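Protein chains: 2
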Amino acid sequence: MKNLGRHLLVEFYGCDFSLLDNVTKLRGILTHAVIAAGTEVVDIVSHHFSPQGSVVVIIIEESHLVISTWPEHGYAAIDIFTCGEGTNPEKALDFLIDNLKPTKTTIMEIRRGIFTSKNS
Amino acid sequence: MKNLGRHLLVEFYGCDFSLLDNVTKLRGILTHAVIAAGTEVVDIVSHHFSPQGSVVVIIIEESHLVISTWPEHGYAAIDIFTCGEGTNPEKALDFLIDNLKPTKTTIMEIRRGIFTSKNS
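Protein chains in written order, with my numbering: chain A, 1 to 120; chain B, 1 to 120.
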C-alpha cells in the first residue's frame with residue numbers, strides 16, 4: 001500500500017488565552033513552523049472571530065497547515081497535512097509545542113489517499 | 001463529554017482529472033458547498049501546483065473546508081471542520097459528491113477538542 005499524504009491531527013490543551021487569541025502572533029508562529037519543517041509558505045490566510053478565537057491557514061508546496069483556536073478553553077486544533085519526503089511535519093509540531101506550550105497534547109496520524117495494486 | 005468541533009475527513013477516488021486540476025471550478029464548487037451547509041465564506045485561498053494538483057481552503061464562521069487534489073490519481077482529500085449547531089457539514093459533503101462525482105468515497109468523523117468534567 002502507498003499513501004499520498006500524511007495528516008497529523010493534533011490537539012493542544014492548556015494554552016495561554018492571549019496567545020491563542022492573537023492572530024498576528026499565530027501567523028508568525030505557524031510561518032516559522034513551516035520553515036522548521038523544511039518547506040516554504042505559498043499563501044497564508046487568517047481570521048479572528050468575535051468575541052474570541054482564531055484560524056490561520058498556510059498553504060505549503062506539500063499541502064497545508066491549519067490552526068483553529070478556542071482561547072476561552074485554552075484549546076487549539078492543529079492539522080499538519082504533508083506529502084512527499086522533503087517535509088518533516090514532526091519538526092513543525094515540535095516548534096508549535098515549544099511556542100504554544102500546551103499542558104496536554106494528543107496526536108493522531110492519518111494516512112490520506114491510500115492506494116493498493118487493486119485500486120490504483 | 002462535549003466536543004468543540006466536528007471534523008469530517010473524506011477521501012474521493014475516481015474523480016475526473018480536468019475537474020480536480022481546475023482551481024477556478026473547485027473554488028466555485030467549494031463555495032456552493034459552504035452555502036449548502038448553511039453558512040458563509042469568510043475568506044478563500046487557493047493554489048495550483050506544478051505540473052498538476054490544487055488546494056482550495058475556505059474559512060467559514062464555523063472553522064474551515066479544505067480540498068487537496070491529486071488529479072493524476074483521480075483523488076481528492078477533503079476536510080470539513082465545523083463547530084456549532086448552525087452548520088450542516090453533511091449537506092456540504094452531499095454537494096461535493098454530486099459535483100465531483102467520485103466513484104468511491106470514504107468518510108471518517110473525528111470529534112475535535114473533547115472535554116470532560118475532569119479536563120475542562
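There may be inaccurate statements among the hints.
When chains are identical, the list treats them as one kind, so a pair holds in a single copy or across two.
As the list claims (entries may be wrong) - Quick list of in silico lysine-lysine cross-link-like pairs, DSSO-like style, CA-CA up to 27 Å:
{"hint": "1", "residue 1": "Lys91", "residue 2": "Lys118"}
{"hint": "2", "residue 1": "Lys2", "residue 2": "Lys101"}
{"hint": "3", "residue 1": "Lys25", "residue 2": "Lys118"}
{"hint": "4", "residue 1": "Lys118", "residue 2": "Lys101"}
{"hint": "5", "residue 1": "Lys25", "residue 2": "Lys104"}
Source of the hints: derived by calculation from the structure; they are not laboratory data. Predicted, not measured: the structure shown is a model, and the values here were computed from it.
Taking the hints in turn, this is what the structure says about them:
no.: 1; hint: Lys91 x Lys118; result: neither (34 Å within a copy, 31 Å between copies)
no.: 2; hint: Lys2 x Lys101; result: between (34 Å within a copy, 23 Å between copies)
no.: 3; hint: Lys25 x Lys118; result: neither (46 Å within a copy, 30 Å between copies)
no.: 4; hint: Lys118 x Lys101; result: between (44 Å within a copy, 20 Å between copies)
no.: 5; hint: Lys25 x Lys104; result: within (21 Å within a copy, 41 Å between copies)
Violated hints for the displayed structure, listed by number in ascending order: 1 and 3.
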